[in-house]
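Reminder that position 271 of the sequence shown reads as 271 in UniProt numbering, one-by-one numbering, no gaps.
Everything labelled a hint here was simulated from the structure, so no lab data went into it.
Take these hints with a grain of salt, some might be off.
Think about it this way: if two alpha-carbon atoms lie no more than 20 angstroms apart in a straight line, the pair counts; the simulated DMTMM-like pairs of lysine to aspartate or glutamate are [stated by the list, open to error]:
1. Lys74 x Asp120
2. Lys257 x Asp284
3. Lys74 x Asp34
4. Lys74 x Asp117
5. Lys257 x Asp202
6. Lys74 x Glu31
7. Lys74 x Glu49
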Amino acid sequence: MDEHDWLARRFEGHRTHLRAVAYRMLGSLSEADDAVQEAWLRLSRAGSEDVDNLGGWLTTVVGRICLDMLRSRKSRQEDPVGAQLPDPIIGREGGIDPEHQALLADSVGLALLVVLDTLDPAERLAFVLHDMFALPFDEIAPIVGRSSAATRQLASRARRRLQGSPTVPDADLGRQRAVVDAFFAAARDGDFDALVSVLDPDVILRAEGGAAPAGTSRFVRGAATVASQALMFRATGDGGVPHPALVNGAAGMVITKDGVPATVFAFTVVDGRIAAIDILADPDRLAALDFEPLD
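Turn these sequences into a full structure, and let the hints steer you where they fit.
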């Protein structure tokens, strides 16, 4: 085995971890893959002779790459009008692909990624690398060009932004599913009061429907408003087939039309009520996602 093949095998041993880091940083599966590939190119050019801890070295390299990508995204003002949701990871209820499971360690729900998107890029990096991957602040500081103390403050600010946001669902998946099923049953029956009863009073609904004029994106808050939106969706729907699914490891639903995924519903159930609903209905983005067979 030549040196290049030996290095490639060592890199492959870290790929899953690096992809998990990049997904948390970017919220995009394709961009996460791009970041990991760029890390491999940098390693193959530099070699590993002077690297004592290859895993740590690669993690910081991926962090730098993702930080640059976030800053570039922000400078180009790529955020479209309306909601822009992260890429969901979708699997069958009762099981999830092992590769997807590695991405979802620590319950990285869609709602958490949405809140991470509101952070400054440096805050997001400090929080993700320290709080999610236990990287010391001394190793994160050179990536953001700050002192260790200032980097600690970045993570602290990010933590405060996350406090109070509905990002951590109930641990009991069966309980989540019961609440989600009750929501869809109430919507199907047109029962406004039953809908309100399964919603947190401050529930948040975020929906991304694609480019105008065909698509619609919205952000609404409050149980009564979200219940009204659910009834409106029912009234304007055209016979899609619901499939219970795991969306980022939590109970969700995929609606298919003619066998093609048309809408993904991600739910955050907290204390037995729905605290957040994230809906992706952009046909272009859905076509790019990897769906396991749902039945």
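Evaluated hints:
At roughly 9 angstroms between alpha-carbon atoms, Lys74 and Asp120 fall within 20 angstroms of each other, so this suggested pair holds. Simply put, Lys257 and Asp284 have alpha-carbon atoms about 15 angstroms apart, close enough for the 20 angstroms limit, and the pair holds. A hinted pair counts as satisfied when its Cα atoms are at most 20 angstroms apart, and Lys74 with Asp34 qualifies at roughly 18 angstroms. At most 20 angstroms may separate the alpha-carbon atoms for a hinted pair to count; Lys74 and Asp117 meet this at roughly 11 angstroms.
Restraint check for Lys257 and Asp202: the C-alpha separation of about 31 angstroms exceeds 20 angstroms, so the hint is violated. Taking the CA atoms of Lys74 and Glu31, the gap is about 15 angstroms. The hint holds against a cut of 20 angstroms. Distance check on the hinted pair: Lys74 and Glu49 sit about 36 angstroms apart at the alpha-carbon level, beyond 20 angstroms; violated.
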